[in-house]
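A.B. asks: What follows is the residue order along each chain.
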Amino acid sequence: MVKEIERAGFPVVHMCTVVPISLTVGANRIVPTVAIPYPLGNPALGPAEEKSLRRRLLTKALAALQTEVEGQTVFEK
Amino acid sequence: MASNKLRIVHYINQFFGGIGGEDKADIGPFAKEGTVGPGMALAAATAECAEVVGTVVCGDSYFNENLEKATAEVLERVKAFQPDIVVTGPAFNAGRYGMAAGAVAKAVTEHLGVPVVSGMYPENPGVELYRKYAFIVETGNSAAAMRAAVPAMAVVIKKLAAGKQPLPGPDYMPRGLRKNFFASERGAKRAVNLLVKRLRGDHFSTEYPMPVFDRVEPNQAIKDLTRAKVAFVTSGGIVPKGNPDRIEASSASKFGKYSLADLTDFNPDNSQTAHGGYDPVYANQDADRVVPLDAARELEKEGVIGKIHDYWYATVGNGTSVANARKFAAAIAEDLRQYDVDAVVLTST
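Protein sequence lines correspond, in order, to chains F and B.
Just so you know, we're using the working numbering here: the first sequence kicks off at 1 and counts up by one.
Just so you know, we're using the working numbering here: the second sequence kicks off at 1001 and counts up by one.
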């Protein structure tokens, strides 16, 4: 899906935990996330901390959308 | 134990290991002597030439979230059984299981140097990534195909036991490896023959097939995020409470488009996951853990993001065919265009 939406002309950032799959399916901007059942959270944290973790990851994804890339790029943690 | 039989070590996930479903997917690796679960059928099908001496079980989420560590831990346990051959799966179309089965195959090939036999559905991401490291037999897309998968894997194992080469195509999915051999005719002659066939319009096939990479060039970055419209798309199955479109828990046949206009935060009353391929507890408690709406609204309010698109799009990426995923994405992209969306955040579980 990432690849097809990108093909249609939109810059896409893929936020996912299993980066090798993302690379295989052809995502160009990849932001690794926390865990498979909660990519953008962590139930072990308190609500405020969890939200700030989520905000950090989303901010990183938005930064990736504002970064020119030449090929598949993983924006490391 | 008859010493002339091959020692098979079998790698399986927590589900086939009889530990449990998604709620147990984060269990670390452990080993057991002899067969577990599908190993029994495997042992029966290969009894004439092999024996399943041990089984290593690991949770799919644990493996994929701790790839390097888990690979080392599994490899150590596999090695302890002194395998002559390692069997992983079959993983059918289970993505994380296929990735684990493939990663184990790679580690075994590189560190133990014994052959690996596996079984997967051709669209399993483990096939593309790890086909070089195993004889991966083509299977159906779900565990219902176990009955056909085990004998097919046994064919490959028996050939290997007899010192024969399994055949790429009929026996397993081609690995993309090249082997040297002596051809009966020299290269120049073969090239001319190929050209003549082509000119005649006869059937011909290359001796040197090129790998096909379907890659899309990255689009330009957003210049000014404060004026951009950003949309959320997810394969993690986040839908309004009650799953109004009844998106299937696996092998989804559709996607949903849902209004975000009045929402600032996901909670258990307004959302849930429809995904059947991961433990749904955390997403059902707070779907922001999959689609980060609360944080996005905050950034929108602060003016960091120009606008969050009024709809989010969701499907379930669990055993969903590539053809369907492509179709959904094309329809979603068409819709995004209508609303002048500038960029997409796509989240996956």
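It is possible that some hints are incorrect.
As the list claims (entries may be wrong) - Computed footprint of chain F on chain B, listed as stretches where at least three residues anywhere in the stretch have a Cβ under 8 Å from a Cβ of chain F:
id, segment
1, 1233-1239
2, 1329-1340
Said to hold, decoys possible - Some chain B residues well away from chain F (every beta-carbon gap over 10 Å; in silico):
id, residue
3, A1045
4, A1261
5, Y1282
6, A1343
Unchecked claim - Have a look at the derived ranges for each label pair, beta carbon to beta carbon:
id, chain 1, residue 1, chain 2, residue 2, range
7, F, P47, B, V1304, 18 to 24 Å
8, F, G9, B, N1193, 21 to 27 Å
9, B, A1072, F, T73, 24 to 30 Å
10, B, G1169, F, L45, 48 to 54 Å
11, F, P43, B, F1181, 54 to 60 Å
12, B, R1227, F, E49, 27 to 33 Å
13, B, K1223, F, T73, 14 to 20 Å
14, B, K1179, F, P47, 54 to 60 Å
15, B, V1304, F, G9, 21 to 27 Å
16, F, G9, B, E1185, 48 to 54 Å
Treat the hints as calculated values from the structure; they're not laboratory data.
All C-beta atoms, glycine included, are put in the ideal place defined by N, C-alpha and C.
A.B. asks: All the hints need checking, so say for each whether the structure fits it.
C.D. replies: Hints, one by one, checked against the model:
1. Chain F is given as covering the segment 1233-1239 of chain B, and this holds because 3 residues of the stretch bring a CB closer than 8 Å to a CB of that chain, at least three being needed.
2. Note: the segment 1329-1340 of chain B has 7 residues with beta-carbon separation from chain F under 8 Å; the three-residue rule is met and the coverage holds.
3. In this structure A1045/B is separated from chain F by more than 10 Å, as the shortest Cβ-Cβ distance comes to about 31 Å.
4. Every CB of chain F is more than 10 Å from the CB of A1261/B (nearest about 20 Å), matching its label as outside the interface.
5. Its beta-carbon lying about 4 Å from the closest one in chain F, Y1282/B breaks the requirement of being farther than 10 Å from that chain.
6. For A1343/B, the condition that its CB be more than 10 Å from all CB atoms of chain F is violated, with the nearest at approximately 5 Å.
7. Judged by the Cβ atoms, the range 18 to 24 Å given for P47/F and V1304/B holds: they are separated by roughly 21 Å.
8. Distance hint for G9/F and N1193/B: a CB-CB separation of about 45 Å, inconsistent with the stated range 21 to 27 Å.
9. For the pair A1072/B and T73/F, the supplied restraint of 24 to 30 Å holds, since their beta-carbon distance comes to about 27 Å.
10. Judged by the Cβ atoms, the range 48 to 54 Å given for G1169/B and L45/F holds: they are separated by roughly 51 Å.
11. For P43/F paired with F1181/B, a C-beta distance near 56 Å keeps the hint of 54 to 60 Å intact.
12. A beta carbon spacing of about 31 Å between R1227/B and E49/F agrees with the range 27 to 33 Å that was offered as a hint.
13. Taking 14 to 20 Å as the suggested C-beta distance range, the pair K1223/B and T73/F conforms, at roughly 18 Å.
14. At about 58 Å, the beta-carbon gap between K1179/B and P47/F stays in the expected band of 54 to 60 Å.
15. Checked against the hint of 21 to 27 Å, the C-beta distance between V1304/B and G9/F comes to roughly 24 Å, which is consistent with it.
16. Judged by the Cβ atoms, the range 48 to 54 Å given for G9/F and E1185/B holds: they are separated by roughly 50 Å.
In this structure, the earlier hints numbered 5, 6, 8 are contradicted, and the remaining ones agree with it.
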